[in-house]
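Novice: Listed below, chain by chain, are the residues.
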Amino acid sequence: MSAAPQSDPRRPRIPTWVRVVSVVAAGVVILSVTATLTGQYQLTSRGTTQAAVLLLLPILFAGLGGLWSERAGVINIGLEGMMILGTWGAAWAGYQWGPWAAVLGGIVLGALGGLLHAVATVTFNVNHIVSGVAITLLGMGVTKYLSTLLFEPISQNPRQSPRVEAFNTFSVQPVADSLASVESQQRVLLSDVAGLLGGLLSGLTPLVIIGFALVPISYLVLWRTRFGLRLRSCGENPVAAESLGVKVVTYKYVGVVISGALAGLGGAALTLNPGQLGYLEGQTGGRGYIGLAAMIFGNWRPGGLLAGSALFGYVDGVQLRAGGEAVHGLLYGATILAVGLAVVWVARRRWRAALIAAVAGAVVYGVYYSIDTVPREFAAYAPQLVTLLVLAVASQRLRPPAAIGLEYRRGEGD
Amino acid sequence: MTRARTVLLPPALAIVFAALLCAVALLISGDSPVTALRVMVTQVGEGTTAVDIVNSGAIYYIAALAVAIGFQMKLFNIGIEGQYRLAACVAAIVGGALVLPPVVHTLVIIVVAAVVGAVWAGIAALLKAYRGVSEVISTIMLNFIATGLIAFLIRPDSFGVLQGNNISTAPIEPSGHFPGISFGSSGTLFGMVAVAVLLGLGYWFLLNRTRFGFELKASGESPTAATAGGVDARRMVIIALVLSGAVAGLVGLPELLGRDLAYTLTSPQGYGFTGIAVALLGRNHPLGIALGALLWAFLDKSALALDNVGVPREIVLIMQGSVVLSVVIAYEIVRRYELAAEQRRVAAQLRSAAAAEKVAS
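Going down the list, the sequences are from chains A and B. Using our numbering, the first residue of the first sequence is number 1, and each one after it goes up by one. Using our numbering, the first residue of the second sequence is number 1, and each one after it goes up by one.
Any given hint could be a false lead.
Said to hold, decoys possible - Quick list of simulated restraints, FRET-style, between CB atoms:
no.: 1; chain 1: A; residue 1: Leu320; chain 2: B; residue 2: Asp157; range: 19 to 27 Å
no.: 2; chain 1: B; residue 1: Ala360; chain 2: A; residue 2: Thr250; range: 46 to 54 Å
no.: 3; chain 1: A; residue 1: Arg410; chain 2: B; residue 2: Thr6; range: 23 to 31 Å
no.: 4; chain 1: A; residue 1: Gly366; chain 2: B; residue 2: Asn165; range: 31 to 39 Å
no.: 5; chain 1: B; residue 1: Val104; chain 2: A; residue 2: Ala402; range: 51 to 59 Å
no.: 6; chain 1: B; residue 1: Asn308; chain 2: A; residue 2: Glu165; range: 31 to 39 Å
no.: 7; chain 1: B; residue 1: Val104; chain 2: A; residue 2: Val33; range: 52 to 60 Å
no.: 8; chain 1: A; residue 1: Gly366; chain 2: B; residue 2: Arg155; range: 21 to 29 Å
no.: 9; chain 1: B; residue 1: Gln269; chain 2: A; residue 2: Asp177; range: 41 to 49 Å
no.: 10; chain 1: A; residue 1: Ser184; chain 2: B; residue 2: Asp157; range: 36 to 44 Å
no.: 11; chain 1: B; residue 1: His285; chain 2: A; residue 2: Ala25; range: 52 to 60 Å
no.: 12; chain 1: A; residue 1: Arg410; chain 2: B; residue 2: Glu221; range: 18 to 26 Å
Please keep in mind that the hints were generated in silico from the structure rather than gathered at the bench. The model shown is predicted, which means the values in this text are computed figures rather than measured ones. We put the CB at the ideal spot given by N, CA and C, even for glycine.
With the hints as extra help, turn the sequences into a complete structure.
Specialist: Below, the structure is given as structure tokens:
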């Protein structure tokens, strides 16, 4: 999915939106064919898509958080810790003053974590990964302490908050209902599209809207405004930025604090997830790290990280809603994808890539053919496996900000 | 004198700062920091606490050594967690299935654990060396996958045995155990503590007395200079990570061979991240790491004692987290200060040399 076609000077460049639309369309067709041929209709059902959207949300927020920080040149592996702080802040504010206060509480506590990371990495030049690990440890400790102190007297359980009122869900009517009726007719392709779209348009919460809106907003702010250009210049070449009068330290602080706020918002999304009572110890389950992986998967771009989080959310949703047999069906889809890529690359005379794709397809099909179901234990970790594979295949094409993780001190440019 | 200040001052400052922070937190929550401190100190003499601290300290020590090997080359092996858990699980399965004479059995289990840890880290090493994948991300992903793999391996229809409500591997026969040193009512010291000490000595020897150690440190200090000096960067990455993984494979063994004798779903987790923190505390120095590991274990055990007098035990977690964060900041401040002092000193020497030359001419 991430393998965007390389720009070829001989060929006229295809506009980005055409590429995006064709990739999405290809994905839908593959899922539809897979669902029809394997009989795993859960793959494209409304319920699966809904679950996927709710599961991708925290990952998306964390990924956006990673984007803001890393574009300013600061590696943020502390996203996990900031997210944990966010879950606590959301629960604490949420059980007293309702869901919007929860959102705010998550943002504030996450931003505090981000501020700490900024102080350590920007002001004191501590290694970014070291600081991130320390903040995750500290975040875990602080939330455990605070929840024992403030939640236990009310919830009788130090690992859990009192019940937090969640947002009411809503659907885009009358579109959602008509899509549901199309889905129930079980027509090839049409019903699948209706199921996927229906899941996107029903069972929504304000947070889903905020999450999807933040992707274009991040793009516009970071790539289309003066502020964004300056922030990114701090991640690419801080010394040059400084020589042009950009206050590098300030921009880095802003980037990292926004990053923490977004991670905290991701924590709030977890706490407010429908079906979730509130804060629960260990609730984040490493989603901060997965958000970071989704961002790297997306090549440090908002659109790419949306695709990455969608992949994680979708596989997770399929696994939770329909279990190992549906994930097994996805293997069939992966085979179709590999064969399709092989055909495309043969047409473009890229023999080596085509051969690798064909072999990979054969291997995946072999696995599909030899087992009946993917063991539950592996199905749960399919997203991580996919990330590892994608990184192994595509990491040469990724382009992180040039000065990421490097030490910068004001006035040392000459 | 300067050296002692650079080495000892930062951790001392950090511990004092973290203690103050916790004192404030305790005062806010209405507990007495003095009581807390008294309880923490007196608990060491009670029951098996002292031996427990050394036992946990040894585990943290091995984990931190594994992290430190990577750190020497500026490689972040976040994957100690997955490496040691998978290694302990596979070693328990192999150890439970084999029937061998006493010493050989134990050795086989240890070797299996080291190999599994090395292989799991080796995946990240190969990805880093040949595909340029950041080891931070790949090892984090491998941690998750290891969790899935372990759950799969100890399923009752794979290699697991159902024991009450818990699933575990088949128990290891007594011939495979690593005998401990008993202190009567004060508890039993894990035999693996000795192995941890040996590993520390080996680490020191490797870094300071071998060509490999020199190349490792050189690659960490300046990759370009090392490459110019004929060091194969790719090879160093692979060896460093695989070695780190092999040591990480041993982290789970003190408890596996000295106490639990089987790997279960509830076997302890989290030593990998503790190892990172301890390695940071100890500045990758074998003695520093040992002190850091003991401090960490001491704080861990304090949690129980604090709970008994009604102080929230989670205060220990805050203490641990803030110690790590303040220690890295403190090292950085002192390093910056020393650098400026050295620049001043050199400048003064140059000035006086120039003045002497002027007089001579």
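Novice: Next, verify each hint and record whether it holds.
Specialist: Structure-based check of all given hints:
For A/Leu320 and B/Asp157, the Cβ-Cβ distance of about 22 Å falls inside the hinted range of 19 to 27 Å, so the restraint holds. Between B/Ala360 and A/Thr250 the Cβ separation comes to about 51 Å, which falls inside the hinted range of 46 to 54 Å. Distance hint for A/Arg410 and B/Thr6: a CB-CB separation of about 24 Å, consistent with the stated range 23 to 31 Å. The hint said 31 to 39 Å for the Cβ distance between A/Gly366 and B/Asn165, and at roughly 38 Å that hint holds.
Look at B/Val104 against A/Ala402: about 54 Å separates their beta carbons, and that is inside 51 to 59 Å. Look at B/Asn308 against A/Glu165: about 37 Å separates their beta carbons, and that is inside 31 to 39 Å. Range check, B/Val104 to A/Val33: Cβ separation about 56 Å, and the 52 to 60 Å hint holds. A beta carbon spacing of about 23 Å between A/Gly366 and B/Arg155 agrees with the range 21 to 29 Å that was offered as a hint.
In this structure, B/Gln269 and A/Asp177 meet the distance hint of 41 to 49 Å, their C-beta atoms being roughly 47 Å apart. In this structure, A/Ser184 and B/Asp157 meet the distance hint of 36 to 44 Å, their C-beta atoms being roughly 38 Å apart. Checked against the hint of 52 to 60 Å, the pair B/His285 and A/Ala25 passes, with Cβ atoms roughly 58 Å apart. Here the CB-CB span from A/Arg410 to B/Glu221 is close to 25 Å, well matched to the stated 18 to 26 Å.
Violated hints are absent here; each numbered hint is respected by the structure.
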